[in-house]
Amino acid sequence: MLLSAAVAIAERRSGKPGDHYYAGRSRAVVERSYIAFKSSTWFVILSGFVEPVLYLLSFGYGVGQFIGNIDSGTGKMVSYAAFIAPGLLATSAMNGAIYDSTWNVFFKMHESRLYHGMLATSLGPLDVALGEMAWALLRGLVYAMGFMIVVAPLGLIPSWWGILAIPAAVLIAFGFAAFGMAVTSYFTTFQQMGLINIALLPIFLFSGAFYPLTVFPGWTQALIKALPLWHAIELIRGLTLGAIDMRLFGHVLYFLVMIAGGLFFTTRRLNALFMR
Amino acid sequence: MSENLIEVRGLTKKYGDFLAVDGIDFIVQKSESFGLLGPNGAGKSTTMRIIAATSQRTSGEVSVLGKDPEIQGPQIRAHLGVVPQQDNLDTQLTVTENLYIYGRYFGLSKKFINSKISDLLEFAQLEEKRDTKVEALSGGMKRRLTIARSLVSEPDILILDEPTTGLDPQARHILWDRLFRLKEDGITLLLTTHYMDEAEQLCDRLIVMDKGRIMAEGNPAALIKKYSTKEVLEVRFGSNRNAVMAPAMRELCERIEVLPDRILLYTENAETVLENIVAAGHHPNTSLVRRTSLEDVFLRLTGRSLIE
Chain A
1 MLLSAAVAIA ERRSGKPGDH YYAGRSRAVV ERSYIAFKSS TWFVILSGFV EPVLYLLSFG
61 YGVGQFIGNI DSGTGKMVSY AAFIAPGLLA TSAMNGAIYD STWNVFFKMH ESRLYHGMLA
121 TSLGPLDVAL GEMAWALLRG LVYAMGFMIV VAPLGLIPSW WGILAIPAAV LIAFGFAAFG
181 MAVTSYFTTF QQMGLINIAL LPIFLFSGAF YPLTVFPGWT QALIKALPLW HAIELIRGLT
241 LGAIDMRLFG HVLYFLVMIA GGLFFTTRRL NALFMR
Chain B
277 MSENLIEVRG LTKKYGDFLA VDGIDFIVQK SESFGLLGPN GAGKSTTMRI IAATSQRTSG
337 EVSVLGKDPE IQGPQIRAHL GVVPQQDNLD TQLTVTENLY IYGRYFGLSK KFINSKISDL
397 LEFAQLEEKR DTKVEALSGG MKRRLTIARS LVSEPDILIL DEPTTGLDPQ ARHILWDRLF
457 RLKEDGITLL LTTHYMDEAE QLCDRLIVMD KGRIMAEGNP AALIKKYSTK EVLEVRFGSN
517 RNAVMAPAMR ELCERIEVLP DRILLYTENA ETVLENIVAA GHHPNTSLVR RTSLEDVFLR
577 LTGRSLIE
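Top to bottom, those sequences are chains A and B. Quick note on our numbering: the first sequence kicks off at 1 and runs consecutively. Quick note on our numbering: the second sequence kicks off at 277 and runs consecutively.
Rather than coming from a laboratory, the hints here were simulated on the basis of the structure. Each residue gets a CB set at the ideal place from its N, CA and C atoms; glycine is no exception. Where hints are given, some of them may not hold.
What the hints assert, rightly or not - In silico contact screen, one side only, chain A against chain B (beta carbon under 8 Å); selected entries: (1) 35; (2) 67; (3) 113; (4) 122.
Take these sequences, add in the hints, and give me the full structure.
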């Protein structure tokens with residue numbers, strides 16, 4: 001039989017490890033998001049960018065006037081705005097990633113049956129998971145870069161290490177996207193999805209974006225240190241303020257584990273939902 | 277020489293304790309149009325999903341183009357065009373974008389897909405809707421687009437699950453015409469349906485399924501010949517009198533089926549039977565002489581009608 005182009009392409013990965021789950025084509029899933037995005041409303045995207053800037057203006061410059069300089073945690077004194085800017089950067093990376101990987105994924109999974117369609121083609125569940133996460137992290141990256149463009153000229157990124165905050169934001173967004181999509185894939189009702197929003201606000205407020213964790217009693221500190229946003233904020237703050245030490249690797253590792261776990265559970269769940 | 281594209285042997289599928297498919301065997305040959313006919317819950321869609329490598333079997337053997345769908349899912353799906361029972365078009369995209377991105381899922385190049393789009397739009401009779409968002413299409417248009425979309429990868433086998441369910445008669449006829457063209461082009465069709473007329477129109481060969489089992493297999497005409505008479509006379513005496521009249525009808529015809537709303541009399545010559553009924557002094561409210569169809573085959577095999 002004469003092989004069609006589609007078959008020839010699928011056969012290229014045949015026999016490689018994981019070929020039942022992964023066709024090496026998550027790019028097509030990203031491309032789909034891009035096409036859909038082109039015709040979507042821009043101000044939704046914009047709002048995610050504006051939010052941290054508003055926080056920075058209100059707290060960094062408003063509240064900051066009453067606070068003056070603050071110990072960055074390394075003994076160096078920095079302005080309050082420079083202290084919270086990395087926290088807001090990490091938060092915007094999180095928000096961008098979470099937005100696409102939770103509610104949007106939920107809609108595609110249960111309402112538009114988009115993944116049913118994708119998985120009827122020669123794509124595998126890992127292609128879908130990776131592609132969707134990649135799109136979500138791109139959004140996180142765009143928010144982070146936009147925020148950097150605003151805060152760097154204001155002198156809020158005192159260290160040149162701060163450039164690395166951009167790839168760090170990608171890592172953080174990937175971690176949250178992987179985690180968000182994994183959690184969403186197990187949720188089946190709107191009420192469950194509402195939990196995500198309920199959980200995000202306290203995580204944002206108490207993860208050390210606005211003040212050091214030392215204000216809390218020991219057990220609260222331990223709890224917050226288990227949460228991903230604290231690691232994200234510490235990682236980015238370490239870079240923007242130039243406080244480089246081995247602890248940063250620990251934060252990176254935390255996100256690598258989060259990404260691996262998110263990919264594993266999402267792929268497994270997509271397989272269970274659509275391939276059983 | 278004929279070539280077996282799909283081979284299914286002893287296939288079973290359990291969902292918990294529920295046995296959806298209960299040990300079925302069949303073979304689909306190249307360029308054949310093969311149907312799975314049966315009521316809802318007969319196990320047709322489950323069987324299709326297993327063949328399409330989007331569901332895992334419990335036991336048995338399945339080979340699609342010589343490959344096992346359990347092991348080589350993406351490689352098998354590259355050969356298939358799938359039209360699901362429930363539309364899953366990308367509602368956020370336009371008609372053209374839907375065709376384009378579906379081709380991209382298969383890894384096809386932009387150039388390749390773009391060279392096919394106008395033919396596919398023509399096939400789906402959607403040229404004027406090319407830049408319309410999918411949400412705005414009618415049910416029949418969505419179905420045609422779904423079929424066109426499944427063709428973008430030039431599949432060897434087209435799998436259609438209840439292709440015309442929910443469409444109005446006119447839309448169904450347009451769709452049948454489209455599918456007939458594909459059949460003429462030599463594409464292998466595998467379809468499920470619970471519509472007899474659809475199966476008779478489109479299938480070279482079919483299996484009749486009920487409760488996860490195969491009740492009969494053959495081409496539509498042969499099945500009708502084997503399991504039914506040439507003609508059937510339908511008489512109605514009014515809903516509460518059909519059962520009362522049944523013994524009298526049984527005397528006039530060798531095989532009858534009593535349904536809630538009518539009595540079916542299976543015979544080689546329905547006109548004669550009708551004359552005999554009237555001659556015996558019975559006066560049905562209405563009577564209808566027709567050729568037997570697969571509906572009658574199903575009734576004979578299962579004692580139930582297809583659409584309940």
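Discussion item. Just to be careful: measuring from the Cβ of residue 67/A to every Cβ in chain B, is the smallest value less than 8 Å?
Written reply: violated (45 Å)
**Report entry** Status of the hint placing residue 122/A at chain B (closest C-beta pair under 8 Å)
**Finding:** Residue 122/A check passes; min Cβ-Cβ to chain B is 4 Å, inside 8 Å.
Next on the checklist: Quick check on residue 113/A please, does its C-beta sit within 8 Å of some C-beta on chain B?
Outcome noted: holds (4 Å)
Interface hint for residue 35/A, Cβ within 8 Å of any Cβ on chain B
holds (5 Å)
Hint check: a violation occurs at hint 2 only; the rest are consistent with the structure.
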